[in-house]
Amino acid sequence: MSSVFAQVEDMLAAGAEDLFACYGTSSTAVRNQHPAETDEEKVVATIGWACEDGSRGNLLMVAPRSVIEHLQPPEEGMVLTNADICDVLGEFSNMLLGRLKNMLLQKGVALMLSTPTTVLVKEPWFSTPLGRWSWMAFDMSVGSAHVRLDATFTEEFVLSEERSALAPELAEGEMMLF
Amino acid sequence: MASKVLVVDDSMMVRQQVKRALAAAEFTVVEAQDGVDALEKLTANPDVSLVVCDVNMPRMGGMDFLEALRKLPQFAALPVVMLTTEAQPELVAKAKTFGAKGWIIKPFKPELLLAAAKKLATPQAA
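Note that the protein sequences, when read in sequence, are chains G and C. Residue numbering for the first sequence follows my numbering, beginning at 1 and increasing consecutively. Residue numbering for the second sequence follows my numbering, beginning at 179 and increasing consecutively.
These are computed hints drawn from the structure, not numbers from a lab. Computed from a predicted structure; not experimentally measured. Not one of these hints is a red herring.
Heads up, simulated DSS-like pairs for lysine-lysine below, C-alpha to C-alpha not over 27 Å straight-line:
1. 182(C) <-> 197(C)
2. 272(C) <-> 107(G)
3. 182(C) <-> 272(C)
4. 274(C) <-> 197(C)
5. 287(C) <-> 197(C)
6. 274(C) <-> 107(G)
Let the hints inform the model, and build the full structure from the sequences given.
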């Protein structure tokens, strides 16, 4: 059986593919691909996560303006400002980690998430976390988005084989009226 | 008379998406960036007939906002729909306890949000 990290990484890849598909972009995760060093400005979005068992980590999303505008095109005659593109990638990172959270709830694990922090920067340099980490790339016609999962799992972080009682009743895009 | 909807989300992208979805039925949209801002906007716009609210936001999140809203007599029955990436059953149940009328998981389908708004929003006297 694959490691917990590999299982969570698979869920994250599937979640990202589904999320991009919701925004009309078909892209398959390419593992172990980190962002290329270019002069192009990139937005970096990060959200921290933690579990009650002490497991913790971060999600990083990195994308140039071209990819962000491809995913969320500006309204006709409008231009996305720096604040706008940071906001868009921050929300994508939020939706992606939210998807991972909902997948993990089905396996009996509840994540707590922070709100996203974003930065627009040229030639970002990424420090290496102490725990496990991996990059994946999502190639699109206008460039690539990159996602990095950082995670330190305790021994109590166990993914249930059965559908957990914590499993959400709703999936992404669904609505429930009371 | 057009109904007024308050959308509460720290993401400008989400607020714009909600605004676009509701514009199709000529709803007037007021925006707030978090729960604190939303309470202020409601004071200035007492004729709001529906609130669409995120859960995880800085300063005051959606659940705390909902709880605070219900303590204000004039807004005790104001319909609120939560729009969030969260799907945890216990959070949904808590929102229901505080009188939320619906729960939508992002990314949302505009036609679903519009249907909910048409069903729940009724024009309020200013």
